[in-house]
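Undergrad: For chain A, the structure is supplied; the task is to place chain B on it using the hints.
Protein chains: 2
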Amino acid sequence: MIDFEERRDELLEKVEEMTRRKQYKALRDILIELEPADIADLFDDLPEEMLPLLFRLLPKEPAAELFVELEPDVQEMLIRGFSNTELKEVLDELYLDDTVDIVEEMPAGVVKRILKHADPDMRKGINEILKYPEDSAGSLMTTEFVDLKRDMTVEDALKRIRRTGTDKETINVCYVVDPARKLLGVVSLRTVLLAEEDDVIEDIMETHVISVGTLEDKEDVAQTFSKYDLIALPVVDKEDRLVGIITVDDAMDVMEAEATEDIEKMAAMLPTDKPYLKTSVFDTFKSRIPWLLLLMISATFTGQIIARFENALGACAILTAYIPMLMDTGGNCGSQASVTVIRGLSLDEIEFSDLFRVIWKEVRVAVVCGAVLSCANFAKLMLVDKLLFGNPITLPIALVICLTMVVTVFAAKVVGCTLPLLAKKIGFDPAVMASPFITTVVDAISLVIYFRFAALLLGI
Amino acid sequence: MIDFEERRDELLEKVEEMTRRKQYKALRDILIELEPADIADLFDDLPEEMLPLLFRLLPKEPAAELFVELEPDVQEMLIRGFSNTELKEVLDELYLDDTVDIVEEMPAGVVKRILKHADPDMRKGINEILKYPEDSAGSLMTTEFVDLKRDMTVEDALKRIRRTGTDKETINVCYVVDPARKLLGVVSLRTVLLAEEDDVIEDIMETHVISVGTLEDKEDVAQTFSKYDLIALPVVDKEDRLVGIITVDDAMDVMEAEATEDIEKMAAMLPTDKPYLKTSVFDTFKSRIPWLLLLMISATFTGQIIARFENALGACAILTAYIPMLMDTGGNCGSQASVTVIRGLSLDEIEFSDLFRVIWKEVRVAVVCGAVLSCANFAKLMLVDKLLFGNPITLPIALVICLTMVVTVFAAKVVGCTLPLLAKKIGFDPAVMASPFITTVVDAISLVIYFRFAALLLGI
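Line by line, the protein sequences are chains A and B. When we follow my numbering, the leftmost residue of the first sequence carries the number 143, and every step to the right adds one. When we follow my numbering, the leftmost residue of the second sequence carries the number 143, and every step to the right adds one.
Next comes chain A alone, as it looks inside the complex (with noise of 0.2 Å):
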């Protein structure tokens, strides 16, 4: 029943014409069968000063849910518009690590006011939670889950989870500790309805349990996720205590925000972290120019290397009609080899320490691509370019022109798959080294071996 996608625009006019009417109980019905997501995306079009209106049409829980799914922008807003009474009301309904997620986004004055009303243990916790780095496993965890002690029997257990289970993010997998609030083992949910009632949590609990530090970096607990196929992930200080949880959808949610990071690094922008229609003009410049910058200067190079053959070319101008196709050759395949090693060593697949196999590798694809683009071009050269167009192709420019082929997408494969790993290997981000990066190194090292090659073969 994924047909919301299909409904939007009916759905977007209706609510927007009943709330210009004031039909404010069918529309309470409306917005109560449909899911907050769905709510917060219809939010992202309707008028701004109809949403104060529409959110407290429903009722606490629903509301609270939708809260949390909102852009930071009208989050401010209704912030600012709701008595302190109701701002106790939404806060009291958010889970912990959403309620941080918010103040994270809001300017301080608001913060201010979130604090103020949040209960003593939201406050304490969303302190709590704050002091970890953006990027890290404690920014992302929850510090409500539900903990149980080694000696519990299942029913001791199960009357635990029913008791404080209500306020939890999860209840399907518990968490054992010492009174030290040392991390002795996981039990499921599944497990403890599973067992016997008198059965003792110590003797059914996994104790081979996969956690990570506050400080490990959000990427690398998203892998684990994936890599371990789990729903919960403990997290915990450098003693051991169990400080935290983090629940799959804030997994996914990393993994899906990480993706689309290395994808912007890869097309030589700086990442966003916002939808593309929600930034503004400005914002989308300011992470675009200073690559383009960059690499525009760094053209420079390929500038020189032209200017300093000028003569070269002067004496055999159909030379410089090849330049455009070789380096969009080059640059093709340095981004095909540099983009499958960073999209590898993202996902863990490759590491440093393979470098050898992955430029063996490379080498042996370039050597079969290179023969078969060199040969292709050669025919087009002599059939397509010398007879349908008339170009001046000799055999030894064709020559010329083949032979660079090879050499440059040997070149540019080798460049490609090393730069990755190097830059990963002294700390810097992979994905920067990514096709326009590659592509610029390897424009000047095709150039030049064009003009070496022509040299050498037609005597200029």
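Check the hints yourself; a few may be wrong.
Identical copies carry no separate label here, and so any pair may be met within one copy or between two of them.
Stated by the list, open to error - Here are the simulated SDA-like cross-link-like pairs (lysine to any residue), alpha carbons at most 25 Å apart as the crow flies:
| id | residue 1 | residue 2 |
| --- | --- | --- |
| 1 | K369 | E403 |
| 2 | K420 | E152 |
| 3 | K566 | E400 |
| 4 | K528 | G456 |
| 5 | K428 | D571 |
| 6 | K202 | A182 |
| 7 | K420 | Y370 |
| 8 | K291 | F185 |
| 9 | K567 | L437 |
| 10 | K567 | D145 |
| 11 | K567 | F146 |
| 12 | K156 | H350 |
Read the hints as simulated data drawn from the structure, not as lab findings.
TA: Chain B in isolation, oriented as in the chain A frame:
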């Protein structure tokens, strides 16, 4: 405790050494401490002849979990070595959807053997799921889930969950169906557990169920998980009957694979589903050569444009030196715009109906980027290239280059954002409209503009 990565090399050596020395007892103790995903990781780099022995050291359950994580070629090798009893034992421990994944990768002979030794229920399930197209929700699902009736009390439901839960992939979400198996609602185990014993399921179940059809594309399935923060998603047939469920771990795998596929397509490769180091040189070659050939041949256009304007270049040779810079900048601008739009389309943030909003935004970004790049370029031309390198740059030549830059940036941004949206509209994959393709188009445009400006301002 993600310390596996650090211990990997040491473990590999140890396991190999101990296998050679036949220290099976100690070996078993080491393996049993490891996660199945980590043992699979070790199996990748252990000598093939050791694997059957190591596999047999493990107890039934972890052995089955390990089996699921192995690469298809290792699975096939192991199955070929299994006795019928061993095969049956492994199959009995597997979840249905994992078995189907394995079956899909095996040659016909092995599939026959698997079907012969699977129990009748599983055989039926396998055949059922194999009916669905490869990229559909149906192919991802498992038919092992907990179903409840609407008139059950919480006590009945808990009894049923306890009785049937062992074999189900997840019991965290249960599905309420009518006698015709029509999906009436979902109820989480949490809700069941926190309710009173005599509450009736009908009263506590959620009736607004998010579900997908069996033929829904798996990319949309993954997006649904991420949008609504689900841990399981019911799959229904055309009559709204519940036929299976998809769990979040599978959705995460799809999300990861789809991001990789998009990235590969953006870098002009045909997608492969094997990890880089597992792909043969010939397969890598096959995935890369088609686009390389196509793009090489389409570069004929740019070549012919230059050939046609040979005289202009002869009259003012320095113009040639700036062709790479103009082409690269155009390519980079185009790929920034196209990649942003492609990713937005993948994440459902942008739709075709946003075409004009997107173009209008790119136009404004292009104007600012173009202005800044041209000014920087003008300064560079006059100060660095002319004064420092002594290139014969006159004011009109600098003007030709900078004006071309402005128009190229503009054209690149507009073409870059438009092509993916048009591709989507006509049912093509937007990802193949990424940088390499757009570079070729933009190259041709920028060259024509270059020579037009040269004719206009330099009179050549």
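Undergrad: The structure should be examined with respect to each hint, and the outcome stated for every one.
TA: Verification of the hints:
For a Cα distance limit of 25 Å, the shortest separation of K369 from E403 qualifies both inside one copy, at 20 Å, and across copies, at 18 Å. With identical chains, the CA atoms of K420 and E152 are at most 25 Å apart within one copy only, with a shortest distance of 22 Å there and 49 Å across copies. In this homomeric assembly, K566 and E400 come within 25 Å of each other (Cα to Cα) both inside a single copy, at 16 Å, and across copies, at 24 Å. In the homo-oligomer, the alpha carbons of K528 and G456 lie at most 25 Å apart both inside one protomer (20 Å) and across protomers (21 Å), since each shortest distance falls under that limit.
When the C-alpha separation of K428 and D571 is checked against a cutoff of 25 Å, the pair qualifies only within one copy, where the shortest distance is 19 Å, while the shortest distance between copies is 29 Å. Only within a single protomer do K202 and A182 lie at most 25 Å apart by alpha-carbon distance; the minimum there is 16 Å, versus 47 Å between protomers. Only between protomers do K420 and Y370 lie at most 25 Å apart by alpha-carbon distance; the minimum there is 21 Å, versus 35 Å within a single protomer. In this assembly of identical chains, K291 and F185 lie within 25 Å of each other by CA distance neither inside one copy nor across copies; the values are 45 Å within and 37 Å between.
Taking the closest pair of Cα atoms, K567 and L437 come within 25 Å of each other only inside a single copy of the chain (23 Å); across copies the shortest separation is 33 Å, beyond that limit. Taking the shortest alpha-carbon separations for K567 and D145, only the inter-copy value of 19 Å comes in at or below 25 Å, while the best intra-copy value is 47 Å. For the identical chains of this complex, K567 and F146 are inter-copy neighbours only, at 19 Å across copies versus 46 Å inside a copy, given an alpha-carbon limit of 25 Å. When the C-alpha separation of K156 and H350 is checked against a cutoff of 25 Å, the pair qualifies only between copies, where the shortest distance is 20 Å, while the shortest distance within a copy is 54 Å.
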